[in-house]
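Participant: Going down the list, the protein sequences come from chains D and X.
Quick note on numbering: the first sequence equals residues 0 to 287 in numbering that gives the first Met the number 0.
Quick note on numbering: the second sequence equals residues 0 to 287 in numbering that gives the first Met the number 0.
Just so you know, these hints were derived from the structure itself, not from any lab.
Wrong hints could be hidden among the right ones.
[Unchecked claim] Only pairs whose alpha carbons sit at most 25 Å apart, straight line, appear in this in silico PhoX-like list of lysine-lysine:
id	chain 1	residue 1	chain 2	residue 2
1	X	Lys287	X	Lys120
2	X	Lys287	X	Lys162
3	X	Lys162	D	Lys82
4	D	Lys82	X	Lys90
[To be verified] Computed from the model, here is a short list of chain D residues facing chain X with C-beta under 8 Å:
id	residue
5	Met0
6	Val50
7	Asn105
8	Ser106
9	Val107
10	Ile240
11	Val242
12	Ile243
13	Pro245
14	Gln260
15	Leu275
[Said to hold, decoys possible] Pulled from the structure, derived: some chain X residues nowhere near chain D, Cβ distances all over 12 Å:
id	residue
16	Tyr28
17	Ala40
18	Arg89
19	Ala99
20	Gly102
21	Ala269
22	Ile284
Just so it is clear, CB atoms sit at the ideal spot from N, CA and C, and this is done for glycine as well.
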Amino acid sequence: MEYLIHIAVLACIYGILGISLNLVMGETGLISVTHAAFYGLGAYAVAFLLVGFGINFFLATLAGMILASGVAFAIGVVFLRLKEVYYVLGTVGSNVILFSVLLNWNSVTRGPLGIGGIPRPEIFGFRFSENEAFLLLVLAAVAITYAISVLITRSSFGRVLNAIREDEDVVSVFGYSVYHYKLVIFTIGAAFAALAGAFLASYLTYISPFSFTVVESIFILSIVVLGGLGSGRGALIAAGILVITPEALRFVGFTPDIAAQMRQVLYGLILILLMLYRPQGLLGRFRI
Amino acid sequence: MDIAAQLILNAIIAGAIYSLLALGFNLLYSTARFFDLGYGAMSVAGAYVAYTFYNLLDLSVPIAVLAGVLAAGTLGFVVEKLVYRPLRARKATHTVLLIASLGVLIVIQAVISIIFSSQFKILSKDVNLEPVFNVFGGAITQTQVIILVAALLIMVALALTLKYTLFGKAVNAIADDEEVARVVGVNSERVIGVVFFVGSAIGGAAGIATAFDSGIYPTIGLPLLLNGVIAFIVGGVGNVYGAVLGAFALAITENAAAWFLPGEWKFAIAFLVLIIFLIFRPQGILPK
Numbered sequence: 000m001e002y003l004i005h006i007a008v009l010a011c012i013y014g015i016l017g018i019s020l021n022l023v024m025g026e027t028g029l030i031s032v033t034h035a036a037f038y039g040l041g042a043y044a045v046a047f048l049l050v051g052f053g054i055n056f057f058l059a060t061l062a063g064m065i066l067a068s069g070v071a072f073a074i075g076v077v078f079l080r081l082k083e084v085y086y087v088l089g090t091v092g093s094n095v096i097l098f099s100v101l102l103n104w105n106s107v108t109r110g111p112l113g114i115g116g117i118p119r120p121e122i123f124g125f126r127f128s129e130n131e132a133f134l135l136l137v138l139a140a141v142a143i144t145y146a147i148s149v150l151i152t153r154s155s156f157g158r159v160l161n162a163i164r165e166d167e168d169v170v171s172v173f174g175y176s177v178y179h180y181k182l183v184i185f186t187i188g189a190a191f192a193a194l195a196g197a198f199l200a201s202y203l204t205y206i207s208p209f210s211f212t213v214v215e216s217i218f219i220l221s222i223v224v225l226g227g228l229g230s231g232r233g234a235l236i237a238a239g240i241l242v243i244t245p246e247a248l249r250f251v252g253f254t255p256d257i258a259a260q261m262r263q264v265l266y267g268l269i270l271i272l273l274m275l276y277r278p279q280g281l282l283g284r285f286r287i
Numbered sequence: 000m001d002i003a004a005q006l007i008l009n010a011i012i013a014g015a016i017y018s019l020l021a022l023g024f025n026l027l028y029s030t031a032r033f034f035d036l037g038y039g040a041m042s043v044a045g046a047y048v049a050y051t052f053y054n055l056l057d058l059s060v061p062i063a064v065l066a067g068v069l070a071a072g073t074l075g076f077v078v079e080k081l082v083y084r085p086l087r088a089r090k091a092t093h094t095v096l097l098i099a100s101l102g103v104l105i106v107i108q109a110v111i112s113i114i115f116s117s118q119f120k121i122l123s124k125d126v127n128l129e130p131v132f133n134v135f136g137g138a139i140t141q142t143q144v145i146i147l148v149a150a151l152l153i154m155v156a157l158a159l160t161l162k163y164t165l166f167g168k169a170v171n172a173i174a175d176d177e178e179v180a181r182v183v184g185v186n187s188e189r190v191i192g193v194v195f196f197v198g199s200a201i202g203g204a205a206g207i208a209t210a211f212d213s214g215i216y217p218t219i220g221l222p223l224l225l226n227g228v229i230a231f232i233v234g235g236v237g238n239v240y241g242a243v244l245g246a247f248a249l250a251i252t253e254n255a256a257a258w259f260l261p262g263e264w265k266f267a268i269a270f271l272v273l274i275i276f277l278i279f280r281p282q283g284i285l286p287k
């Protein structure tokens, strides 16, 4: 049971990541390979503020979300003017650079050692130290994230985003500032990635920079691709599938190292096969 | 040992390897017209095949290198046939091809990790016995001299092939306009197949050179690929001479930065170079 709850918590965290990247990549068509960096910023902000200053988890999470948004805004200002593959490379680059910062800024992040002893969230004297309670909290966060994503996609703002994905030149002819729309959604996506990071840090009580590499960004990207571009529900389901399936490998009896690599093989094959046979993903409404 | 001389020598060797990476990538890009991320995996595969022949089977260096280069080329050819060709036949968008090639990269790297473990490997057997030459106060090993000469030979051979052979003319025709090339009787599918063999083989050579020079691990495919791509963009997309120029510009910047910053920042510096170019001179040093 404890194990199932553990898997469920992870699936929820990746669900938040999937939904938020879907807003950027699925709804707006920006292929971003830097989501793990914002995820990491959220995690580190919470770790730093909780361990170093004993600030309340929820305030620290908010601070992490604001930090990630700020960084995303700066990155967006630079890269969102770039076209297609240059934008993709730019985002890969920002992930690499932010990872280098987490890895090398020893005085704040403790470098490769990571930060341990992160407490569980606490509110009005109640501490979410049991995993069951924590799961409920994360589920609430998933629900809020999903609701906000639905609100965004159903609004007129969301319709402009969809139009940008289809043809950004036409959208700009109609007088919309494509760049500003992209910047807003990119910043919002980063804030929710940081939310997921805050939960990860507090759940595992330990984080290290190696959880926030480009490879992790690619994993989040495969969640969105599997779920289907433009489907928040698809992203949720895909997060569940991609978190649960590799666990089966554990029971087959592979060593942890081999199992980790088998997971990579699995994710890679999913990407290739989807592109070959079902580019729109499980529930996608759009072709890519 | 004079540090300045050493850094210059290091920059020249790194520049030679990056040149190969950029040239192979340029070849693939100019015909297939998408950013083939799987290219990084071909470099790693070539290096590991050479490692198998040299370190595990105890064969001579030329045989091991030849086997590695051929293996990389063959793998590139097969992946093109199995994955990219069906996608191109279906008029898949660049994004679809990009994501599929990402899958290729992940799968091949993970399979190599499963076979060879994710440990760091180096090809040279007796590092201490190797003759070292002194050039203006800097040291250069015999292996590095051979790498430099081999890289130069490959560059010259490639330039001559592209300029004077029928195959080279077909490649240039496809690079200019694939449809027109097909109309005038170029069998573009076959040429692209050969291009994937040759381009991946050059990538394999770069991987093998890296393995001899500084060692490899399965996930080095992504850094190798990105170094090639950065050189390719910095030099000017689609320009063969630009690719070499970009490679040396990148290598010189990286090694100059080594004066001020610890080595862990190297990759971040490479991306900083890319980002600066994307913002201020997206067409590269030598636009086509």
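Participant: A separate judgement is required for each hint: does it hold in the structure or not?
Facilitator: Each hint tested on the structure:
1. X/Lys287 <-> X/Lys120: 39 Å, violated
2. X/Lys287 <-> X/Lys162: Holds, at roughly 16 Å.
3. X/Lys162 <-> D/Lys82: 31 Å, violated
4. D/Lys82 <-> X/Lys90: Holds: D/Lys82 and X/Lys90 sit about 20 Å apart, inside 25 Å.
5. Met0: 31 Å, violated
6. Val50: Violated, because the Cβ-Cβ distance from D/Val50 to chain X comes to roughly 24 Å (cut-off 8 Å).
7. Asn105: 11 Å, violated
8. Ser106: This interface hint is violated because 14 Å lies over the 8 Å limit.
9. Val107: 16 Å, violated
10. Ile240: Hint on D/Ile240: violated, closest Cβ of chain X at ~16 Å, above 8 Å.
11. Val242: Cβ of D/Val242 sits 17 Å from chain X, so the hint is violated.
12. Ile243: 19 Å, violated
13. Pro245: 12 Å, violated
14. Gln260: Holds - the Cβ of D/Gln260 comes within 8 Å of chain X, reaching about 5 Å at its closest.
15. Leu275: With Cβ-Cβ at 6 Å, under 8 Å, it holds.
16. Tyr28: 10 Å, violated
17. Ala40: 10 Å, violated
18. Arg89: 9 Å, violated
19. Ala99: Per Cβ check, X/Ala99 is inside 12 Å of chain D; nearest 4 Å; violated.
20. Gly102: Not fine: 3 Å to the nearest Cβ puts X/Gly102 too close to chain D.
21. Ala269: 8 Å, violated
22. Ile284: 16 Å, holds
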